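2 protein chains.
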Amino acid sequence: MKKLINNPDNVVLEALDGMAAAHRDIIRVHKDPNFITRISSPVKGKVALLSGGGSGHEPLHGGFVGLGMLDAACPGAIFTSPTPDQMLAATKAVDGGAGVLHIVKNYTGDVMNFEMAADLVKGDGVAVESVVIDDDVAVKDSTWTAGRRGVGTTVLAEKICGGAAEAKRSLAEVAALCRKVNAQGRSMGMALTACTVPHAGKPSFALKEDEMEIGIGIHGEPGRHRVKLEKADRIAEMLMQPILEDLPFKSGDNVLLFVNGMGGTPAIELYVIYRKAHEIATKHGLAVVRNLVGSYITSLEMAGCSITLLKLDDDMVKYWDAPVHTPALRWGV
Amino acid sequence: MKKLINNPDNVVLEALDGMAAAHRDIIRVHKDPNFITRISSPVKGKVALLSGGGSGHEPLHGGFVGLGMLDAACPGAIFTSPTPDQMLAATKAVDGGAGVLHIVKNYTGDVMNFEMAADLVKGDGVAVESVVIDDDVAVKDSTWTAGRRGVGTTVLAEKICGGAAEAKRSLAEVAALCRKVNAQGRSMGMALTACTVPHAGKPSFALKEDEMEIGIGIHGEPGRHRVKLEKADRIAEMLMQPILEDLPFKSGDNVLLFVNGMGGTPAIELYVIYRKAHEIATKHGLAVVRNLVGSYITSLEMAGCSITLLKLDDDMVKYWDAPVHTPALRWGV
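As they're listed, the protein sequences go chains L and X.
Our numbering puts the first sequence at residues 1 to 333.
Our numbering puts the second sequence at residues 1 to 333.
Bear in mind the hints are in silico, worked out from the structure with no lab data behind them.
Each hint can be trusted.
Negatives, chain L to chain X, calculated, CB over 12 Å:
1. Thr83
2. Gly99
3. Gly125
4. Asn254
List of simulated lysine-lysine pairs, DSS-like, C-alpha gap at most 30 Å:
5. Lys2/L / Lys2/X
6. Lys208/L / Lys228/X
7. Lys208/X / Lys228/L
8. Lys228/L / Lys283/L
9. Lys311/L / Lys231/L
10. Lys231/X / Lys208/L
11. Lys283/X / Lys140/X
12. Lys208/L / Lys2/X
13. Lys180/L / Lys311/L
Please read all numbers here as calculations on a predicted model, not as lab measurements.
The beta-carbon is built from N, C-alpha and C at its ideal position, and this holds for glycine as well.
Using the sequences and the hints given, assemble the complete structure.
Written as structure tokens, this is what we have:
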């Protein structure tokens with residue numbers, strides 16, 4: 001196992017310390033229980049957004065805390081759900097009186113723990129809504145999930161709902177928007193290589209030199225097919241086709257096209273994929289009016305990519321374009 | 001070789017097409033000869049900044065074209081210098097009457113070709129200044145270089161000088177600032193794994209499962225030592241010590257600390273390195289007043305990192321903070 005780490009036990013905490021040192025103008029790291037908030041939190045009268053999940057998917061979620069996006073993030077151990085006490089403490093810390101939206105990726109542990117935290121905090125009089133993101137078209141159920149997994153649409157939901165919350169939309173409105181983003185977003189991923197969880201010390205699965213896994217999850221969960229390595233254009237087709245079939249995207253729709261790197265994929269390859277994905281979307285009559293290219297929801301050092309397509313409405317465009325200032329995503333400020 | 005590509009011959013052009021499709025609000029891609037400019041170019045009365053080099057280091061340089069940074073970038077083949085005709089065409093395309101600064105990383109081919117292009121364009125009455133970046137403390141001469149290699153400081157020079165050019169500083173002033181940034185910047189890198197040039201089809205060198213290369217170049221050129229893999233904190237020390245010894249950084253200096261990923265390194269590991277590098281800088285009495293963490297000057301899918309330390313003055317801070325809007329770096333706009 002070759003990693004820039006000191007000890008598998010300390011990776012998450014040391015990375016949090018690094019983030020705290022690097023981004024002290026944006027975030028504050030709280031320990032025991034571990035969570036990240038904006039430096040000035042809570043924001044009075046604003047709906048607060050909280051997300052979280054296992055670590056190893058950076059910059060998701062901690063890298064998205066800041067103006068225009070999340071108010072807090074709860075990092076679990078690598079590929080392990082955070083605990084209800086983290087979520088409870090973070091929820092209380094960011095509630096500015098307008099309630100808190102929990103954005104939850106659909107993994108069994110995350111869903112269960114966020115539910116528990118929501119129940120606990122409601123007892124304290126904090127209004128909480130929860131939205132579960134389940135946008136991965138690859139598989140119906142998977143190793144760690146009943147139903148579809150939550151992947152790339154999470155990043156888009158956090159940005160768009162973050163914009164709506166800054167605009168002082170109500171908790172019910174922000175939650176409804178989040179559900180709509182989830183309903184109109186579809187994703188699928190693939191891997192060229194496995195990744196290695198530090199504690200395990202060996203790759204989560206094995207791919208031969210001429211193989212790839214189509215439909216992979218962000219923890220290396222099995223996908224749809226393990227097949228021979230194909231050219232980039234064919235890979236883009238293999239991801240775009242199930243996405244386009246699943247949601248009735250129709251000619252003339254405005255979409256956001258998000259090509260995401262899994263952590264070990266260089267930018268030059270993501271642009272080769274983007275080229276073809278954009279071409280396929282355009283041939284379908286879709287207008288790619290917004291996009292995102294980069295490694296935003298990762299799986300440690302896995303080589304591979306995912307594609308997310310989100311059907312946009314005017315509100316989504318407005319809130320996507322709104323200013324954002326987080327460690328990993330910044331514009332307009 | 002596992003890569004998201006179609007054909008080794010087309011990687012650079014297809015990635016350029018992908019960039020053009022994704023960033024049509026910022027950049028324009030010109031073909032034959034290949035170069036990238038801002039969409040509205042030249043900017044009248046502003047010094048233009050041009051850089052370039054072999055591809056495979058993305059987002060450097062094409063990802064840094066836009067307001068507040070470069071006016072144009074010339075991408076060569078993978079790890080191969082662009083040609084003088086690319087540089088000539090790009091220089092002419094971006095000259096707004098105030099002259100053009102060539103920012104050149106110190107590799108023999110790049111230096112020679114930029115010199116040739118500068119000579120040619122001067123015959124056409126365009127004022128050109130050239131600054132060679134040679135900030136890598138790892139080796140005195142290397143496979144592809146007489147003198148030190150140009151690495152991480154290039155990114156910082158492009159941002160800072162880009163800010164100065166937007167502020168309508170003269171060509172002589174922007175060139176002087178660029179020389180000062182180079183004089184006050186020091187870098188060193190390391191690799192956990194090699195990278196594979198698509199045409200070669202196999203890794204440029206071999207590292208055993210328990211080995212790393214300290215002082216690696218961005219083309220996989222040999223560094224100072226091939227040694228046993230160490231913990232992240234020790235690696236940060238092994239990079240920071242030669243940097244701190246080389247430039248007389250002294251207690252009280254303001255610095256920018258840049259922790260860079262080599263292309264295949266996940267964010268979580270960069271923050272573990274940042275944590276220790278920040279601690280070492282602070283113990284030395286340096287005030288880390290600005291920083292950058294991410295994969296900005298890469299070596300395809302190489303796993304590893306580099307550290308750059310830049311001693312700042314007030315002008316550098318002002319121009320670092322100035323608005324920037326490029327595919328890879330954006331703030332204030």
